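**Q** One letter stands for each residue in the lines below.
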Amino acid sequence: GAGVSQSPSNKVTEKGKDVELRCDPISGHTALYWYRQSLGQGLEFLIYFQGNSAPDKSGLPSDRFSAERTGGSVSTLTIQRTQQEDSAVYLCASSRSGLGANVLTFGAGSRLTVL
Amino acid sequence: AQTVTQSQPEMSVQEAETVTLSCTYDTSESDYYLFWYKQPPSRQMILVIRQEAYKQQNATENRFSVNFQKAAKSFSLKISDSQLGDAAMYFCACKTSGSRLTFGEGTQLTVNP
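Heads up: the protein sequence lines correspond to chains A and B, in order.
Just so we're aligned: the first sequence equals residues 1 to 115 in this note's numbering.
Just so we're aligned: the second sequence equals residues 1001 to 1113 in this note's numbering.
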């Protein structure tokens, strides 16, 4: 697509429920990144994919968080047994390989609210 | 790993004036890239300007320019002729190839009419 697409735009869930957030990167972009942004805060790195593999997943805050990427395209971030502190905006970004590999294009984010 | 520090949580500027946002970084890599992103209330992260570390010339994009001081590891953003639409959170960021993009804490810019 023309840009990075994220869904849902907003998600409200109850504590303890599982949620899935989806990211559809720009067509042809091989790298994909997930970040978390709590209210009024900076961006916290979660995980980075190159193709379908994740060379760096050191930012995942706990084993309740997982992410996968299939077909070198769409990625899903899953949060199990959500807690109130998981409430944040989850941002996805992608970048191409070769020239421009270091320039990330971001989606509009998924706002998660855990009640 | 790299670190990025923005020491100004908030800045304000009068419309049509010039403002400079500060950023310092640290990395052990010799090849790296520096960026300024803008995040308006819509929360969409927008790339403002970028600088390759190997380039000595400061990057410029219309009203936006940087002052890249490699030895001091400083990367400030200058916004000239500020407009109301420039009001946003500005993030400085650093990246090396094959690694994450590391962000500073952000500077909230207010533009006063």
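Simulated from the structure, these hints should not be mistaken for lab results.
Computed from a predicted structure; not experimentally measured.
Where a beta carbon is used, it is the ideal one built from N, C-alpha and C, also for glycine.
There could be a bad hint or two in this list.
What the hints assert, rightly or not - Covered stretches of chain B, as calculated for chain A (at least 3 residues, CB under 8 Å): (1) 1032 to 1043; (2) 1103 to 1110.
To be verified - Cβ-Cβ distance ranges computed for the label pairs, FRET-style: (3) A:SER66 with B:GLU1010: 31 to 39 Å; (4) B:ALA1001 with A:SER66: 16 to 24 Å; (5) A:THR13 with B:PRO1041: 41 to 49 Å; (6) A:GLY3 with B:ASN1058: 41 to 49 Å; (7) B:ALA1071 with A:SER58: 36 to 44 Å; (8) B:GLU1061 with A:ARG81: 42 to 50 Å; (9) A:LEU115 with B:SER1080: 27 to 35 Å; (10) B:ALA1016 with A:GLU68: 35 to 43 Å; (11) A:ARG64 with B:GLN1108: 29 to 37 Å; (12) A:PRO8 with B:ALA1072: 19 to 27 Å; (13) B:LEU1084 with A:PRO8: 27 to 35 Å; (14) B:SER1080 with A:VAL74: 34 to 42 Å; (15) B:SER1097 with A:GLU85: 31 to 39 Å.
Said to hold, decoys possible - Calculated from the model, a selection of chain B residues having no Cβ within reach of chain A, i.e. all distances over 12 Å: (16) GLN1006; (17) MET1011; (18) ASP1026; (19) GLN1083; (20) THR1096.
**Q** Against this structure, judge whether each hint is valid.
**A** Right, here's what the structure says about each hint:
Given a C-beta distance limit of less than 8 Å, the hint that chain A covers the segment 1032 to 1043 of chain B holds, as 5 residues qualify and 3 suffice. Here's how the segment 1103 to 1110 of chain B fares: 4 of its residues keep a CB closer than 8 Å to some CB of chain A, so the rule of at least three is met and the hint holds. The hint said 31 to 39 Å for the Cβ distance between A:SER66 and B:GLU1010, and at roughly 36 Å that hint holds. Between B:ALA1001 and A:SER66 the Cβ separation comes to about 23 Å, which falls inside the hinted range of 16 to 24 Å.
At roughly 24 Å, the beta-carbon separation of A:THR13 and B:PRO1041 lies outside the given 41 to 49 Å, and the hint is violated. Between A:GLY3 and B:ASN1058, the C-beta spacing of about 29 Å breaks the proposed range 41 to 49 Å. Remark: the range hint 36 to 44 Å for B:ALA1071 to A:SER58 is contradicted by a beta-carbon distance near 30 Å. The hinted window of 42 to 50 Å between B:GLU1061 and A:ARG81 holds, with their beta carbons roughly 44 Å apart.
For the pair A:LEU115 and B:SER1080, the supplied restraint of 27 to 35 Å is violated, since their beta-carbon distance comes to about 45 Å. Between B:ALA1016 and A:GLU68 the C-beta distance comes to about 49 Å, which lies outside the given range of 35 to 43 Å. For A:ARG64 and B:GLN1108, the Cβ-Cβ distance of about 31 Å falls inside the hinted range of 29 to 37 Å, so the restraint holds. Evaluation of the 19 to 27 Å hint for A:PRO8 and B:ALA1072 yields a failure: the beta carbon distance comes to about 44 Å.
About 31 Å separates the C-beta atoms of B:LEU1084 and A:PRO8, a value consistent with the hinted range of 27 to 35 Å. Between B:SER1080 and A:VAL74 the beta carbon distance is about 41 Å. The supplied range of 34 to 42 Å therefore holds. Taking the beta carbon of each, B:SER1097 and A:GLU85 are about 33 Å apart, inside 31 to 39 Å as hinted. Taking the minimum C-beta to C-beta distance to chain A, about 9 Å, the non-interface status of B:GLN1006 is violated against the 12 Å cut.
The claim that B:MET1011 lies off the interface holds: its Cβ sits roughly 16 Å from the closest Cβ of chain A, which is beyond the 12 Å cut-off. Distance to chain A confirms B:ASP1026 as a non-interface residue, since its nearest Cβ pair spans about 16 Å, more than 12 Å. The Cβ of B:GLN1083 sits about 22 Å from the closest Cβ of chain A, beyond the 12 Å cut-off, so the non-interface label holds. With a minimum CB-CB distance of about 8 Å to chain A, B:THR1096 fails to clear the 12 Å threshold, and the non-interface call is violated.
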